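Peer 1: Listed in order, the protein sequences are those of chains A and B.
Straight run, no breaks: the first sequence in our numbering ends on number 92.
Straight run, no breaks: the second sequence in our numbering ends on number 1085.
It is worth saying that the hints were derived from the structure and are not from the lab.
One thing to keep in mind: the hints can contain errors.
[As the list claims (entries may be wrong)] With a straight-line Cα cutoff of 30 Å, these simulated DSSO-like cross-link-like pairs (lysine-lysine) come out:
#1 A:K37 with A:K49
#2 B:K1027 with B:K1041
#3 B:K1027 with A:K52
#4 B:K981 with A:K23
#5 A:K23 with B:K1027
#6 A:K37 with A:K52
#7 A:K23 with B:K984
#8 B:K1041 with B:K981
#9 B:K984 with B:K1027
#10 B:K981 with A:K52
#11 A:K49 with B:K1027
#12 A:K23 with A:K52
#13 B:K981 with B:K1027
No experiment lies behind these values; they were computed from the predicted model shown.
Read off the chains here:
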Amino acid sequence: GESVGLHLPTLSVQEGDNSIINCAYSNSASDYFIWYKQESGKGPQFIIDIRSNMDKRQGQRVTVLLNKTVKHLSLQIAATQPGDSAVYFCAENSLGNQFYFGTGTSLTVIP
Amino acid sequence: DTGVSQDPRHKITKRGQNVTFRCDPISEHNRLYWYRQTLGQGPEFLTYFQNEAQLEKSRLLSDRFSAERPKGSFSTLEIQRTEQGDSAMYLCASSPQGNWHNEQFFGPGTRLTVL
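So that you can see chain B by itself, here it is in the shape it has in the complex:
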C-alpha cells in the first residue's frame, strides 16, 4: 500500500495522559498536514509541514499539541495532558511539491477517545 498510513488506528486513554500519533505520508510528498475531525463536522486544520519545516499552525491549536517532522518524512503529533474534548479523529494528509497547493491524500485517521 503506497498511500498515507497512520498509527495507531484507535487510541483510548485516560484524561491527563500523553498520546503520540504517527503519520507516514506518500514517500515523494513533501507537504504534510494534520487535521482534527469531530463527529458530523468537516476536518479542522491543525498544522502544516513543508519538508521538515512547520510552516503553519492553527491559532486554535492548544499549546498541549505539538507536531514534528524531523527528517521530512514521517510526522508525529503529540497531545499532552489529554482532555475529554480532545476526543476526535486525527487525520493526516500529504501532497506533492508544487508552486500551488494541490490534491491532498488523506490517511485513514487515528480515532482518539479520552475517558
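With the rest of the complex left out, here is chain A:
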C-alpha cells in the first residue's frame, strides 16, 4: 500500500505486504531528514534518517528514499507486521536547530 502523506493520512495494508509512506517537505535547504514511528500514548521513536548527500538508505526492513528535486521523502517498510501499526512522521532540519515535523500518516496493518 502507498500513501501520499497530507492528502491520504491513513494507510491500511495487509500483513506481509510492503508499505510506502510518503512525505513532501517544504524547505529546499533542509539537509537532514528523520522518520519517526509513534504509537498511541508514547513519544516518537526513531526509525531511520538520511542526509541530503544521499538518495537512499536502508535499515532493517525499512528503506528511506530522498528525492531532492521534488522535495519528496518516502519510507518503505518491507513485510509489514501488526507491530508496525502506528503514526509515522517525517521531520526535516536545515541549517538551524529546528526540526519540522509533517502531519503524519496513520498505518494500520490488517492481520
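Use these hints to put chain B onto chain A, whose structure you have.
Peer 2: Positioned in the frame of chain A, the structure of chain B alone reads:
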C-alpha cells in the same frame, strides 16, 4: 531505564495557573529539545539547548513559556498563566554531541490539560 524521562506524565490544571515540567535526558547527551504536540498533529518545535545554553526558541513560543537547563543536564519547561489552548502533549528529546544534528531520543511526554 536509561532513556529520556519526563515528569509528571499527566497534569491537569485550571486556567491561569502556572505549571512546570521536568525532562531528564540521556546522561551523555548534550542536546535537548522541547516540542509540543496536539492531537492528530506532528510535534511542533519549541526550543533547543546545547548543554546549558538555550540556542534556539520558536518564534511561535509565547512569552508565557520559559525553559531552563541550568547545569546542562535536566531541563524544565514552565508555562505561566495557562490557557486552554496550552492543552497538549509536551515532549522532550535529547541527542548526543556531534557536528551534525542526529537521532533524537524522545521521552514519553507530559500531557497537559487546562480546564
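Peer 1: Looking back at the hints listed earlier, which ones does the structure fail to meet?
Peer 2: 10
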